[in-house]
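Whenever a hint applies, use it, and build me the whole structure from the sequences.
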Amino acid sequence: MKMKLHEYQAKQVFAQAGIDVPDSRLATTVDEAVEAAESIGFPVAIKAQVHVGGRGKAGGIELVETPEDAREAAARILGMEIKGYQVDCLLVEAAVNFVDELYLGVTMDRGAGRPVAMVSTRGGVDIEEVAENQPASIARERVDPAFGLQAYQARKAVYDAGVDRDVALDVAGVLTSLYKIWDDRDGADAEINPLMLTEDREVVAADAVLNIDDDALFRQPELAEMEEEAAEDELEAQANEYGFDYVRLEGNVGIVGNGAGLVMTTLDLVDYYGGAPANFLDIGGGAKAERVANALDMVFSDENVDSVVFNIFGGITRGDEVATGINEALSGFDRIPKPVTVRLAGTNAAEGMEILNDDLVAVEETLEGVVKRAVADAEEVTL
Amino acid sequence: MSAFVDADTRVVVQGITGGEGQFHTEQMIEYGTNVVAGAVPGKGGQEVAGVPVYDTVARAVREEDADASVVFVPPAFAADALYEALDTPLNLVVAITEGIPTQDMTGVKRRLSETDTSLIGPNCPGVITPGEAKLGILPGNIFSPGKVGLVSRSGTLTYQIVNSMTQRGVGQSTAVGIGGDPIIGTSFVDTLDRFEADTDTEAVVMCGEIGGEDEERAAQHIAESMDTPVVGFIAGRTAPPGKRMGHAGAIVSGGGAGTAASKIDALENAGVTVGDTPAEVVKSVEALL
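If you read the sequences in order, they're chains Z and V. Numbered per the working numbering, the first sequence spans residues 1 to 383. Numbered per the working numbering, the second sequence spans residues 1001 to 1289.
If you're looking for bench data, these hints aren't it; they were derived computationally from the structure. What you are looking at is a predicted structure, and each value in this text was computed from that prediction instead of being measured. Mixed in with the good hints there might be a few duds.
Stated by the list, open to error - Within a straight-line C-alpha distance of at most 25 Å, the following computed DSS-like cross-link-like pairs (lysine-lysine) qualify:
id : chain 1 : residue 1 : chain 2 : residue 2
1  : Z       : K338      : Z       : K372
2  : Z       : K57       : Z       : K2
3  : Z       : K2        : V       : K1243
4  : Z       : K338      : Z       : K288
5  : V       : K1243     : Z       : K57
6  : V       : K1243     : Z       : K83
7  : V       : K1109     : Z       : K180
8  : V       : K1109     : Z       : K372
9  : V       : K1243     : Z       : K4
10 : V       : K1109     : Z       : K2
This is the structure in structure tokens:
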């Protein structure tokens, strides 16, 4: 998974690496925004700082020419919600007078297992759409990780993309810097979209994306400090705290399981048997009572959930330990708030099933059985 | 003959002195795996689970004639451990470690391409030839010897399907978990090649999941160069775009790449029977034998 930086954070990193970015200031109140705009000088762009793409389309970016307009725009954008994320912070930035917009990106080519550097002259729009509709308009250079992006490769990508020749070497220089940032900072994706080309033939990074590989944060302490809770809802934030892999979905059958593949399969089976999964929740290895309790607590507190599948395949973990965990977790309840069906399989599963307090939960022996039962329970509640 | 490992495979465990390394070394030995050495820098001369520990992998290989390694080294040091393993003439390296930085793995994968060694994983449960040897953390008791080769990106899903197979009397020739990370050593295609060449394997079960294009590549490979019949399963049909389902690799992009539908189509077009449920998969493979 990756940690997303805000535009202003990414721009700090880019600027440190020598990439030109517009003059800008951060604001968390309307007054601060107006003050920032006046000190930078109009026109300025007022930009929502949120961890989602497409904020321009959603009204999260506005170009303003006067203090009054700046005040109005800041008041409108601060606090607005973009794709579930609330805007708490604005970047007020000198507007760039551009004649062309380019796209530069560095990411991991998963199939090849190698980094890839990309350039396109169709910047300023959704690059995924460009990739889909005009794949040939994106020049790509695969990088040998043992040697890094060579200068000639950056030039080749820029010339292949058809960037104006008088700025080609400048753009190649930016691409080289972008690759170095990606490489040094354990980037998952590094993008400049758009890289603006001004009338004076300057190249300026008008936007900046830098996502960091979560698994590498231990060696990127400066960036790790920038991490903030960016969960879309309370339950996802809660899951982060408990250390669960959790995704909230739209349905009403809650799911708790272990192992990504098996939990995904459980979701699919709920759907297959006519139900709708409410979540993906992988409690991972081990069968500690506390983890079991936290997981049940999470699905119980999701108001969409009408019934719960609890499916554990104890590999190395013993089924009797899991069962003890479930019993302990449920002993705190006078009454189980939502029907729970448990299936234990694998090591010591039979012993586990025997230990399970079946006054509190229903038990099933097969994966298909536990899913069917929970789907039926959920239907009953709905009726 | 076996696809990856057998009772004669001589195993060195990297990270044998850690909690997980030690526990699983004992489990592997109990299963019958021929664990001959451990390798941990600074711990040479110790003994764990009756096995001598060496400071370097090279020394363990030299002294004990090891030909395979299992890596339980923590993520921050795992790439180093893998480079070390790849610098020796080992045939097989199995990386159990979860959470290795992706850029570390691009380097390892680059180095791997220069060697004759196979890497399974990382972030995987390992590989087992039932009744002979297991390298990794797979629970030996659910497996039974037989004719079906199984390859999967997921540990517990492997256990689910293997357990049903064993209960129905369908044994396994080899089961291998290739791992859920975006960058892995041995791919589906590599494993399918091994199964095709393995005289003990008469049918194959391949369990894929959303994300990436490995399953699509495997489908093409099956159509072009496999005679052994394959039964497939794809997890993640209900996964919404942009959400990572547990595995770092299990994510469907907004552009629609890596969806379950695309993978199922590709496999079915290659003549693979794709089960809607794990139970269907087991029934289909049973019918092939």
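Cross-check of the supplied hints:
no.	hint	result
1	K338(Z) <-> K372(Z)	holds, 16 Å
2	K57(Z) <-> K2(Z)	holds, 24 Å
3	K2(Z) <-> K1243(V)	holds, 12 Å
4	K338(Z) <-> K288(Z)	holds, 22 Å
5	K1243(V) <-> K57(Z)	holds, 21 Å
6	K1243(V) <-> K83(Z)	holds, 14 Å
7	K1109(V) <-> K180(Z)	holds, 20 Å
8	K1109(V) <-> K372(Z)	violated, 43 Å
9	K1243(V) <-> K4(Z)	holds, 14 Å
10	K1109(V) <-> K2(Z)	holds, 21 Å
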